[in-house]
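**Student:** With the hints as constraints, model all of the structure from the sequences given.
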Amino acid sequence: MPPSLARRSQAMSAGIITPPPPPPPPPLGGSTAFDPDTMFCGACCDNPHTALDSDGGESWQSLWMQSIFVMEHEWKAPHHARVVQSLVQPLEGVNKVWMDDKDASLLYIEHSVAVSTTLLVEKLKQGGYPATWQASQEVTDMDELLLPKNTTGTDNTTGEPVSTVRTTLYVQGLCCSTEVPSVRKVLKGLSGIGRLAIQPTTARVLLDHDPTQAAPSAAADALTRAGFPTTVLSTEDPSQATAAGGSKRSATMASTTGRSTLHATAVLHSGDVVPIQHAAAAVPGVHRIGVAVAESVVYVEHDWSISPITVVMDKLTRKGYPTTLVQDAQAVAVAQQSAQLIAQPRSKYVESTLAIPNLTQGHVALLAKAVKQHFIRAQVRALHPHVSSRTVKVEHNPELLDIELLAETLRPYGLDVIVVTDGHAEQFILPLVEDEDDKAAKAAAAYETSGQLSLSVIGSGIFWVLSLFSYIGNARDENDGFSDLDDSTKSGHGAFYYFEYFGLLAVVLGLPPVAVKAARTIKRKEFDSNCMMVTAAIGALLLGEWDEAASVAFLFSVSEYLERRATERARRALTQIANLRPDYCHWIHPETQQIWVVPAAQVPVGSWLSVRTGDKIAADGFVVRGTSQVDESSLTGESVPIRKGPNDTVQGGSINIGSTPIVVQTTSSVADSTVSRLIRLVEDAQTNTSETEKMIDSFARAYTPAVVAIASVLCTVPWLWGIQTGQEWCLRGLILIVIACPCALTISTPVTYAAGLAATAQRGIIIKGGAYLEALGHVRTVLLDKTGTLTEGKFQIMELTEIGETRSRAEMLGLMALLEASSSHPLSAALVKAAAKEGVQVPTELRMEDHTILKGEGVTAVVEGKQVYVGNQRLFDRLGMYMDLPKAYKSVAENWQSNGASVGFVGVEREGIIGFYCVTDAVRPEAADAVTTLQIHGLRVEMLTGDGDGAAIAVASQIGLPNSAVHAKLLPEDKLHLVGRMRSPPSRRFLQRNSTVLFCGDGVNDGPALAVADVGVAMGEGASSLATEVSDVSLMDNNLHKLVDAIFMGQRVVSTIMQNIGLSLAGKVVVVILTMAGRMTLLGAIASDVGVMLVVTLNGMRLLPSYSDVTKQERHHASQRYDAVPLVGNSPTGVAELDDSYGAGEGRYKENELV
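As numbered in the UniProt record's numbering, residues 1 to 1155 make up the sequence shown, in order.
Be aware that a few hints might be false.
Below 25 Å or equal to it, Euclidean Cα-Cα: the simulated SDA-like pairs (lysine to any residue) are [said to hold, decoys possible]:
id : residue 1 : residue 2
1  : K855      : T933
2  : K794      : E805
3  : K348      : D422
4  : K768      : V941
5  : K855      : V717
If you're looking for bench data, these hints aren't it; they were derived computationally from the structure.
Being a predicted model, the structure only gives us computed values, none of them experimental.
**Tutor:** In structure tokens:
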């Protein structure tokens, strides 16, 4: 039996069967009203999946199915899984899509019962992935799946644990990619380990694990025993963690899922049960629904972070079942969570705020030094300076240090310190975290002391320098590069000759730390650079070359410190990104309005947060009260602050830098906020290695054993020709052992990628790994979507006209608004708004069924028994309605299209087209400049759009694209196939890659094209979640210049890596030639090895912008846009400064309460 059939047979035998049509429900006498708990658990009937009401109607049903489809081909390439996901995931009611990790012909789709398998098969076929439906099974537990989803590019081959947390480990000795296999081997030997993300550049390991099976300390202890001293830096709260690559729902259901109760205003009958269930099934986030017919009560189990109960109520009302709210699950959960937040224990520290109007970046180090000099840790635990807002957050113990005393201490340093908030007076007491102080102190000590020079290494260096005095004058025989072991030959040497023996002391002090590491490596049955250096040093001692042995011992001992210093900026840049997420926030109690300082990770969705000057916004949300300036530069790279007022959206991680506090209502948890997604993307990106990195690792694995083997021969065989010959060639062999270490290659390459990733992240460009950064460097074709990418995606209705006399204008507008109100397309909102301007609201009294989005065409639904359509000309051509449109209206539509407008129509079954409209979408102001820049640099730029030729050509003419570069009237599947045809097959040649294709889009319709492109770029703030998920690069705002910056950074990274490879190999070749010629010493070999490593590492670090460059860029942006952005104060750098009116205006706080 073929493997695929065997797998399908196993699936069928596991209970995945085609469900037969449900039998008619048996009658049940009486008038018993079911309790919600018994309804949902099925305790009142024999069938655990069905409960019956008193009238014999089906009372509840799981709304989710899991279906298996058999693909006609086995699509094994990773990008195929993403393309399939992008084809099916956008369908309303599809929850999860994944392919079998063992049999690529099996596709699993978890979907609502309202989504037919026929529709899924049709969508797959349209995208070029024909498949047949095999079987379906009802999903009764939303946390359990038939088969675990395999996440492409992760280390989890056994399936992700059901509930995981992410722990960050700091691993000493993890300096380059050669140690990665050893670390992975140790951790994979532990139970409960899921995904591993090992980052050599930052010496960190991101570990997703099941805390019930593998504690963070157990992982740290295992690595420490294996020779990698490890410290636990942080562990996420299990209730807030989302398993990387796993199901987001499973991680969040515990906190955002519950049961709400509705009361139907009309009397329900048994025939109403199924329509109510199907109506609710179409609402995202609804898991199950129960109906008590006798009581006219509807119970809804839903995830309110996805769909609040009001969304379900609106859906039921449109279906003809109006309801009133009896109990809101969200309100109940918020009340419980509020009680938990208040009840948690408090620490001895408070958070106070200092305002320093003259604070600059140069003062940050001075602040830390002054506080450390005058106070102990028990008094001041942490400082959080923020230069843009001119504020410093201080965590201090008020029993040991008054905030006024701290301010008085800092003023003599030239700082104009003002106490804005006294945490003790305001009772801003920080919550207590178990072992918080000890963990923080250990983590800080491990990070700061690793790589620092110990006294023994410093002493080794001093004695090594003294040993070099033996070269002064005639102390050493200049005609012999090697020592003579005969002491009788030394009597004629100068006074400095015996300084050579200082080298022996240098070895004694410098070699033991390296020898300990080598012993641990040998214990793991491995052979690394530590073993090589110990071998070379011992060999030099046996030959009597004390100074040479000293050079190896000292320079290699100090190389870890030099490497750390060289890569410090890259580490710091990546660490700053990880620190964007706040630890605490000021939570406003929903009843008392009192402000509490609580852990940000525990704040429930829907909470109100007080955000004062210098405070980070904990989670995504919108402003409820107050108006201020918000700095989003850490997320978008734009240094100019943005004015935010009531109802304006804000993103987690941004900072209030204005002088007025604001109140924000959260719309996401901290774990699901923009800043958390950014942090996780940056963390995961460092583990997505490029083809070049893989080739270099393969080269290193082959190069090192080969050179060591040759060196072994040189150290042994030549002794057969005499002692002198043996000494000479043995020393040459030791030199080869030294240069067998591939550190320059294996350290500089990941550092270069890390620098490039950090530099782009600082500019609001998130690249999901070195593989895509390298692919950006080879981009030669750029394909741009029109709507929302080249244009702003803000539609303006220019004309809206009714046609015919079958419907009045108000009826036409009402039908249009009814269909478009349920669509997420930007045009839909504009059409609904246009109807509202004429006084026509969405007619919820009309019964609408089977609302369907027709990708690339429009929307359709059955309204009061008639099929209604709203969409473009392609849709009405297919329906045959456009051909019946009078010529006069066709002429008007064609005229609109020729002027660059997009034209749409409203039609009704058997009535034809009853109205049409034209809309315009302004081109982004930077689009023409971005396109021209790409063309000047030799890139081919083309535009893809589903609009007609007229609108497409009009936009192309404004941005400088010829008509030949325009592809119009494309469906999502057409974009998919067009991008696929333009791709080139991967190159098999070493360090060479064919040109790549980049596609940039922002909508759900762009998902398939984003997935199949070599580089998919999700454009801006408005990008759909699917577009962001399947893309390789995410732009945090809507500036097309960032796309150009990303491509240019990719080119710089590729160029830098080629330079580093060339320099590293050239250094090795030169040393080998000089060694064979007898003109090289161990000192020269180790110095060249360390020197080349530092040069190529620093070369890679050039990708990071310097502080002066960042300051100049900020000032340039501020000078260009200062007049357009209202600022507080008169700051010439474009950032808001504090003034005497701090706290004035809306949202003042007094006595810890909101007034």
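**Student:** The structure should be examined with respect to each hint, and the outcome stated for every one.
**Tutor:** Going down the list of hints, with the structure as the test:
no.: 1; hint: K855 <-> T933; verdict: violated (33 Å)
no.: 2; hint: K794 <-> E805; verdict: violated (32 Å)
no.: 3; hint: K348 <-> D422; verdict: holds (14 Å)
no.: 4; hint: K768 <-> V941; verdict: holds (23 Å)
no.: 5; hint: K855 <-> V717; verdict: violated (74 Å)
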